[in-house]
Structure formats: structure tokens, C-alpha cells
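Q: Residue numbers (the working numbering): 1 to 347.
If you're looking for bench data, these hints aren't it; they were derived computationally from the structure. Just so you know, these numbers come straight off a predicted model, no measurement behind them. It cannot be assumed that every hint is accurate.
Stated by the list, open to error - Cβ-Cβ distance ranges computed for the label pairs, FRET-style:
{"no.": "1", "residue 1": "S51", "residue 2": "S76", "range": "26 to 32 Å"}
{"no.": "2", "residue 1": "Q299", "residue 2": "N210", "range": "31 to 37 Å"}
{"no.": "3", "residue 1": "T215", "residue 2": "N127", "range": "26 to 32 Å"}
{"no.": "4", "residue 1": "G137", "residue 2": "L177", "range": "20 to 26 Å"}
{"no.": "5", "residue 1": "G219", "residue 2": "L59", "range": "31 to 37 Å"}
{"no.": "6", "residue 1": "K301", "residue 2": "T229", "range": "22 to 28 Å"}
{"no.": "7", "residue 1": "S76", "residue 2": "T218", "range": "24 to 30 Å"}
{"no.": "8", "residue 1": "F327", "residue 2": "N127", "range": "39 to 45 Å"}
{"no.": "9", "residue 1": "A108", "residue 2": "T229", "range": "24 to 30 Å"}
{"no.": "10", "residue 1": "K301", "residue 2": "P36", "range": "38 to 44 Å"}
In this text, a Cβ means the ideal position worked out from N, Cα and C, and glycines have one as well.
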Amino acid sequence: MHNSRPNPIAIRSMKIVVASAALALLVYPSIATALPPAPANDRPMDAEVISTNLPQLILGTTTSADDSITTIGDPSIDPNADGPDVFYSFTPDTTDTYRFQLNPWHHAPLRSSDRRFSVYVFEVSTNGLVGASRAPGNARPLILDVELLAGVEYLIGVDHNLQTRDEFLFTLLVDHLIARDVDNCSGADIDITTNSLPIVVLNDIDGATNDFAFTQDTGVCAVAASSTTAPGIDHVYKFTAPADGLYAIELVGSGFDAVLYVDDSCDPFFLDGCMGASNHSAGGTGSGKHEFVVVQLEQNKDYWIFVDNQSTTLNSGFYALIIDDAFNYEVNEVEPNDTPGTATPID
Numbered sequence: 001m002h003n004s005r006p007n008p009i010a011i012r013s014m015k016i017v018v019a020s021a022a023l024a025l026l027v028y029p030s031i032a033t034a035l036p037p038a039p040a041n042d043r044p045m046d047a048e049v050i051s052t053n054l055p056q057l058i059l060g061t062t063t064s065a066d067d068s069i070t071t072i073g074d075p076s077i078d079p080n081a082d083g084p085d086v087f088y089s090f091t092p093d094t095t096d097t098y099r100f101q102l103n104p105w106h107h108a109p110l111r112s113s114d115r116r117f118s119v120y121v122f123e124v125s126t127n128g129l130v131g132a133s134r135a136p137g138n139a140r141p142l143i144l145d146v147e148l149l150a151g152v153e154y155l156i157g158v159d160h161n162l163q164t165r166d167e168f169l170f171t172l173l174v175d176h177l178i179a180r181d182v183d184n185c186s187g188a189d190i191d192i193t194t195n196s197l198p199i200v201v202l203n204d205i206d207g208a209t210n211d212f213a214f215t216q217d218t219g220v221c222a223v224a225a226s227s228t229t230a231p232g233i234d235h236v237y238k239f240t241a242p243a244d245g246l247y248a249i250e251l252v253g254s255g256f257d258a259v260l261y262v263d264d265s266c267d268p269f270f271l272d273g274c275m276g277a278s279n280h281s282a283g284g285t286g287s288g289k290h291e292f293v294v295v296q297l298e299q300n301k302d303y304w305i306f307v308d309n310q311s312t313t314l315n316s317g318f319y320a321l322i323i324d325d326a327f328n329y330e331v332n333e334v335e336p337n338d339t340p341g342t343a344t345p346i347d
């Protein structure tokens with residue numbers, strides 16, 4: 001007859017095994033963790049399709065990606081294509097010059113010892129290199145302007161050197177290279193009034209003139225390190241808010257000392273103060289710096305966003321202006337919250 005009584009030795013052994021496993025998890029927590037999966041667009045054959053409904057803002061990552069391409073046939077890029085890479089497919093519907101801008105972060109800059117990306121474009125049918133660009137330095141944005149033909153498929157690679165440092169995020173922006181006359185108030189309403197967020201504008205500061213001055217650098221518009229009148233060349237955009245709420249306005253560029261400020265009039269600061277400003281260039285050279293403000297805006301009201309320049313000698317450079325709901329930047333502060341009784345709840 002089968003003996004159904006439990007075996008005390010077996011029970012003790014099982015308890016020891018379970019206890020040992022639990023202890024191992026406590027002492028060595030990495031046993032219970034796993035590496036994130038490779039990106040779905042890790043290989044050229046799995047390239048993510050970029051919509052022709054431009055502009056496009058794509059949040060990407062090279063974390064856990066393989067090194068699929070080690071040479072592209074460009075001597076300036078090949079020595080630095082030895083790291084992880086991911087891929088995108090784009091078939092334009094019109095023949096035009098297109099701009100690809102890569103910012104080496106999601107929403108906010110995270111500087112590191114190495115964060116230097118390259119972007120390259122191949123024509124799929126011929127495997128011919130159309131163009132390539134590498135960031136000018138660590139933690140710096142880059143642009144690649146290329147002429148693409150309608151109906152032709154192109155493969156876009158986002159590459160990074162140093163395989164051992166592969167846990168990086170990036171934002172890829174894609175649009176037609178559009179000449180925008182936004183040098184003064186009369187031209188400021190181009191391309192910026194919409195009910196769809198985020199708004200992405202890719203542009204160059206080249207050829208602008210000095211039309212505005214930043215004269216309200218106190219209170220809500222106090223800027224970092226030192227004040228400036230932003231005496232350099234500038235652009236301005238008119239934005240009509242689609243709803244009441246908090247808006248995040250991000251400026252990412254290179255080559256000039258950007259100063260970002262927002263007001264409800266153009267010329268700015270007419271009978272009132274500035275609504276928000278950012279001037280990281282005040283702490284040193286501003287080339288490649290990131291400017292960011294959060295402002296409370298009212299539905300159907302016009303506001304002006306000024307892309308200004310602290311330098312009077314750096315008169316060339318590219319930038320991306322991004323406008324979005326502040327909640328997408330995880331900014332969910334409810335003001336006023338400057339006393340214990342009005343504290344913003346953390347959900």
C-alpha cells in the first residue's frame with residue numbers, strides 16, 4: 001500500500017532549497033531581472049516605416065540593439081559605425097529635399113560620457129549611399145539634409161559607436177526642408193496654428209536679422225546664470241493654443257547661442273511681462289544646448305514664441321522647435337502649489 005505520509009527529510013530539504021533561492025534573490029537581485037528586448041527595428045529587414053504625413057517625431061532607442069551595419073562606404077562615418085543600430089524605411093510621395101534631425105534624448109537631455117550618433121540614408125533598390133552625418137560632439141544633435149525621389153524606398157540608419165555603451169535614447173525628426181520667412185512679426189504665423197500636437201518646426205537661423213530684444217529677464221522669465229538682451233539674430237512664431245492648459249516648448253539646436261522666450265504680443269513685452277524663458281547659453285557656450293519652457297496658455301488665444309540669439313557673432317545654425325502638451329513631458333504640476341495646503345498630489 002502506498003504510504004501517503006509526508007517525508008520529513010524531504011520537507012526539510014525542500015525548505016532549505018526554497019530558502020536558499022529566496023536568499024539568492026535578496027543577495028543577487030540581478031538573478032530576477034532581464035535585459036530589455038531588442039528594438040523591433042533592430043535589423044534593416046525590420047525597418048520601421050516613417051509616414052509621409054510630415055513632420056514626424058519618432059522616439060527611438062538603441063538599447064539592446066545589434067550592430068547590423070559596420071560600414072556604409074563613407075570614410076567619415078565608417079570608423080564610428082561599430083556600435084548598435086536601428087533602421088527606418090521612408091518612401092516619399094514627392095521629390096524634395098528632406099531634413100532628418102536627431103536629438104540624443106527623449107524630451108530632456110541626459111548627458112553622458114558618450115552619446116554621439118550618426119544617421120545615414122541608403123536607396124534600397126541600388127543599395128547606394130545617399131547621405132550621412134555624424135553629430136559634431138557628444139550629447140549633440142545632428143541634421144542630415146538629402147534630396148529624395150518620389151516613390152523610391154529609402155533605408156535610414158541610426159547608428160552609434162562603442163558597442164559597450166548601447167543604452168541610449170533618441171528623438172528622430174523628419175520633415176521637408178522648408179524655407180520659412182519668420183524673421184519678424186508679419187511673417188510669424190506660418191505653419192504653427194494647428195489642433196494637432198506635437199508641433200515640429202525644423203529650421204535654420206541663417207539669414208535672419210536682429211528684430212527683438214529680451215528685456216524681461218526677471219520673475220517668471222529669470223534665466224540661468226546671467227541675464228541677456230539676446231542681441232543676436234532671431235526668429236518668431238505665432239502659436240494659437242488649441243485648448244486651455246500647460247504647454248511644453250522645446251528648442252534644440254546647434255551653432256548659435258539660443259535664447260527662448262514666450263509672450264502674448266509681438267513685438268514682445270508690450271505693457272506686460274514675459275510668460276516664460278530659457279537661456280542655458282548663459283552658463284557658457286550655447287552651441288548644442290537645450291532650451292525648454294512650460295507655459296499656461298488659453299484656448300484660441302495667440303502667443304508668440306521667440307527663437308533668439310545671445311551671440312552677435314554666431315549667426316549660423318539649425319534648430320528644432322517642438323510644442324506639445326506638457327503632460328507628455330510628465331509635467332503635471334497644478335499651480336499654485338507653493339504652500340503645504342496647495343501641494344500637487346503625486347498619483
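Q: Which of the listed hints are broken here?
A: The structure conflicts with hints 3, 7, although it agrees with all the remaining ones.
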